[in-house]
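Chains as they are written, first to last, in my numbering: chain G, 28 to 257; chain Y, 75 to 282; chain P, 6 to 397.
Take the hints with a grain of salt, since some may be wrong.
What the hints assert, rightly or not - Across the chosen pairs, the derived CB separations fall in these ranges:
no.	chain 1	residue 1	chain 2	residue 2	range
1	Y	GLN268	G	PRO65	46 to 52 Å
2	P	ARG324	Y	ASP130	46 to 52 Å
3	P	ARG324	G	GLU98	19 to 25 Å
Stated by the list, open to error - With a straight-line cut-off of 20 Å between C-alpha atoms, the simulated EDC-like cross-links for lysine to aspartate or glutamate are:
no.	chain 1	residue 1	chain 2	residue 2
4	Y	LYS190	G	GLU218
5	G	LYS148	P	ASP263
6	G	LYS208	Y	ASP80
7	Y	LYS190	G	ASP221
8	Y	LYS190	G	ASP230
9	P	LYS66	G	ASP205
10	G	LYS148	G	ASP77
11	P	LYS203	P	GLU172
12	Y	LYS229	Y	ASP80
13	G	LYS208	G	GLU218
14	G	LYS208	Y	GLU263
15	G	LYS111	G	ASP125
16	G	LYS29	P	GLU81
17	G	LYS148	G	GLU33
18	Y	LYS229	Y	GLU217
19	Y	LYS190	G	ASP220
20	Y	LYS190	G	GLU223
21	P	LYS166	Y	ASP130
22	G	LYS148	P	ASP238
23	Y	LYS190	P	GLU81
24	P	LYS66	G	ASP197
Just so you know, these hints were derived from the structure itself, not from any lab.
Beta carbons: idealized from backbone N, C-alpha and C, even for Gly.
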Amino acid sequence: MKTIEEIKAAIEAAVPGAGVEVVVNPSPCAQHSLRLDPDSALAVARFLRDDPELALDFLSNVTGVDWPDREISEKVKVARTVAKTVDGVEQQVEETVDEIRKRVEPGCLEAVYHLYSVVRKHGPVVIRMRTGNRTDRVELPSLTPVWRSGEFQEREIFDLFGIVFNGHPDLRRILMWDNFKDHPMRRDYVEPDDYEYEPTAHDAVLAKAQAHRAAAQAGAKGQEGAGAAQ
Amino acid sequence: MAVDQDLKIELGKQGVFITTLQELYNWGRRNSVWPMQFGLACCAIEMIATTMARYDLARFGAEVFRPSPRQADMMIISGTVTKKMAPQVVRLYNQMAEPRYVIAMGACAISGGPFKQGYNVLKGIDRYIPVDVHIPGCPPRPEALLQAFITLQKKIDAQPLTGPGRPRFLDAAAQGEFPVPVPGEHDLEPAFNQGVWPLPVLQPGKKD
Amino acid sequence: MTASFKSPAEPKLNNLDLAPSSEPGISGDLLEVAMGPHHPSTHGVFRMDIVLDGERVIRLKPVFGYLHRNHEKIAENITYIASMPYTDRLDYICSLTNNWAYALAVEKLVGLEVPERAEYLRIILGELTRFQNHASTIGFLIQEMGASGTPLMYAFREREKILDLFESLTGSRMMCNYMRFGGCRVDPSAEWLDQVRKVVAGLPAFTDEIDRLLTSNEILMARTQGIGILPPDLAVNAGITGPMLRASGVNYDIRKIDSYGIYNRFTFRVPLGERGDVYDRYMIRLLEMRESIRILEQALKNVPGGPIVDPKSKIRGFRPKPGEAYGRIEAPKGELGFYLISDGGPNPYRYRVRPPSLVNLTILEDMCLGAAVADVVIIFGSVDIVLGEVDR
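Based on the provided sequences and hints, a complete structural model is requested.
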């Protein structure tokens, strides 16, 4: 089988203007992946399937990954002038100081596809696509028209992660009920609090139980116990 | 009306068989409890294994699995009840004719079990319908299901036909229809049926 | 029985072009039937929304999620090893192969070696699992055809013998929780291996019995031949794996392709179907049971001694380096894969199960279009799914 760089070169030769980027996987299995530009992904997918040498005719696994916004704080060496007393005389001295800067790396949702070849019996080739952000630009092209096995798996990603696949023949919720509103596999999902807590809760469970009791009491005052488990 | 045991044995020696209506009635009921053919998850496989040749549930008069709730007397909640499935389970229970019994088989049916942390898992079926016998285990062995079944038979045997302890179907005032929860935008509504499962009184522990 | 495999075509979403009531004389009000989630033939809580024109199916939409137990979400909030018992409950008939697939994925992520003895044990347990899965699948399939009782009783009689072996080794009949990263959990005694040999010696009699009882049975042939045909190019494109795929004549067995574990040391054949109908799927399972017995006989001949777990494998403080891995095995139902992303913490950042049962249902509608309702039950039974794995 071709190496990941050779596949990238083959894609760029066959699909002009395709945005392909190699993502290196540092784990011992070294399953490196290709990050595709969503605009040209469908054409690239067709090429990967129909190219006689690659012949990746079998899409095994499709899954979503949630990458929430991350706050990154890093130490930066900054040069600045500081007033200092040197030998009894006040002077302006250039000095390098550590400064902690915080920046927010915007999050995104990612779809990962694992491809194999039944004809040539090789694989996996991993391709991935990223959405613009996690709120309003969550659309990706569906690869179900190329590989039918994506049909239910992309629906599942739509259901649990909230990625909208353009061109999917039947994009509905698959595991949760239809009028469900959240996307539970996202990392910031808060599940409904319907536990009954043991009286000896501690640590994280105790914090949860106290919040639960406060809410239950407020609910009981509000509507006489109805919905107290909420 | 209890019959004196010694008198009964003595009369039996003479070829006279006496009993009470209650005993006769419950004897008939307990030996032909027909379960509903209804599997939810892992425990359903053990339930099937119980009906097979090795464990042979037929010895207790319960081999007739009925696919229709109208013909069934007992529902074995065999596995995890999810929030998507809970309305259907309650509806099936409502469709069963009295007398009806429920066995909660396995940790999931009792409390959510290993999947209790799940957002789509109901934390115990007794939030919506009354349960007669709980069997712990994940999954319970077939012997445990047989034990639960014998326990249910004992329970049926002890039910008086009159008075305050009488079964639901002989009590005109008893609740027959249980409200079916509706899947809402975030959770089932309501989250539990207060008539069946009163909210546990929260007793703050020592560390609280 | 060689496959004439064509290059993949663009998938058609409905491979049969049926307009409602094209036949004269049937003027059709269409009837919509919801089959399930409580239906005796749906193997649990599965629902099909079927639109019927007379007796023929013209639309079938599966509805999932009635057993969605949030396996992936739970696994992302607990440690790697703590997910092992949860994998038992995915495909709850074949817990040991689920363990194996998960252990394999973690071994790829971390780079652990599996000792020789553990590899042998995995193969023995994996093939026993495959045997009892196929036996009960055939039992259920025949049960759904109306042969209530007998074949399923026979299958479960055999299954109980295998479950007894599992129980005496792992402590549980169904939820074995036996594999560990880089090996297995307990070392079996020589007596246990003798017991396995004794049970395996009795298995050919069972396959012969099933063969005699069913294979040339007139009713079985009439009900299954030519029903639910799955063409090979569609099967590959739709990601079908396992006995389903091979019944359509595509030679793809991950035991041969990846030769994970030590499968390349054993001689066994990959049975292939010709027509891809329900009968072929039944036959493939029967033949695979025979091949499993062959593998078991070879593996049991010389189980080496030695350790059963990689000494580098840690239980406490198990934190894989950042990275990702996808590991897959040939589970009895098809390709079972685990996709893991580690961010260096004690819990997996992303944990994904690639369920063969869910993906194999993709073409359920295509196989059922034009069939009668009674055949839908059989076609569905021949896919061999377990709901714990479909919905997870």
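Hint-by-hint comparison with the structure:
With their beta carbons about 50 Å apart, GLN268 of chain Y and PRO65 of chain G fall inside the hinted range of 46 to 52 Å. A hinted range of 46 to 52 Å holds for the C-beta pair ARG324 of chain P and ASP130 of chain Y, which are about 50 Å apart. For the pair ARG324 of chain P and GLU98 of chain G, the beta carbons lie near 22 Å from each other, so the given range of 19 to 25 Å is met. For the proposed pair LYS190 of chain Y and GLU218 of chain G, the alpha carbon gap of about 12 Å is at most 20 Å, so the pair holds.
Only pairs whose Cα atoms come within 20 Å are accepted, and LYS148 of chain G paired with ASP263 of chain P is accepted, the gap being roughly 9 Å. With a CA separation close to 68 Å, the supplied pair LYS208 of chain G and ASP80 of chain Y exceeds the 20 Å bound. Between LYS190 of chain Y and ASP221 of chain G the CA atoms are separated by roughly 10 Å; this keeps the pair inside 20 Å, and the hint holds. The straight-line distance between the Cα atoms of LYS190 of chain Y and ASP230 of chain G is roughly 18 Å, inside the 20 Å bound, and the hint therefore holds.
Straight-line distance between C-alpha atoms of LYS66 of chain P and ASP205 of chain G comes to about 15 Å, which keeps the hinted pair within the 20 Å bound. Between LYS148 of chain G and ASP77 of chain G, the direct Cα distance comes to roughly 15 Å. Compliance with the 20 Å bound is thereby established for this hinted pair. Restraint check for LYS203 of chain P and GLU172 of chain P: the C-alpha separation of about 16 Å stays at or below 20 Å, so the hint holds. A threshold of 20 Å between alpha carbons decides the hint, and for LYS229 of chain Y with ASP80 of chain Y the separation of about 24 Å lies outside it, so the pair is violated.
Distance check on the hinted pair: LYS208 of chain G and GLU218 of chain G sit about 12 Å apart at the alpha-carbon level, within 20 Å; holds. Between LYS208 of chain G and GLU263 of chain Y the CA atoms are separated by roughly 14 Å; this keeps the pair inside 20 Å, and the hint holds. About 17 Å separates the Cα atoms of LYS111 of chain G and ASP125 of chain G, which keeps this hinted pair within 20 Å; it holds. A threshold of 20 Å between alpha carbons decides the hint, and for LYS29 of chain G with GLU81 of chain P the separation of about 33 Å lies outside it, so the pair is violated.
Distance hint between LYS148 of chain G and GLU33 of chain G is fulfilled; the C-alpha atoms sit about 18 Å from each other, no more than 20 Å. With a C-alpha separation of about 18 Å, the suggested pairing of LYS229 of chain Y with GLU217 of chain Y holds against the 20 Å cut-off. Annotation: proposed proximity of LYS190 of chain Y to ASP220 of chain G holds, straight-line Cα distance about 11 Å (limit 20 Å). A threshold of 20 Å between alpha carbons decides the hint, and for LYS190 of chain Y with GLU223 of chain G the separation of about 11 Å falls inside it, so the pair holds.
Note on LYS166 of chain P and ASP130 of chain Y: the hinted pairing holds, with a Cα-Cα distance of about 16 Å set against a maximum of 20 Å. Of the supplied pair hints, the one linking LYS148 of chain G and ASP238 of chain P holds, its CA atoms being roughly 15 Å apart against a limit of 20 Å. For the hint linking LYS190 of chain Y to GLU81 of chain P, the alpha-carbon distance of about 15 Å falls within 20 Å, and the restraint holds. Proposed proximity of LYS66 of chain P and ASP197 of chain G is supported: the alpha carbons are some 10 Å apart, at most 20 Å.
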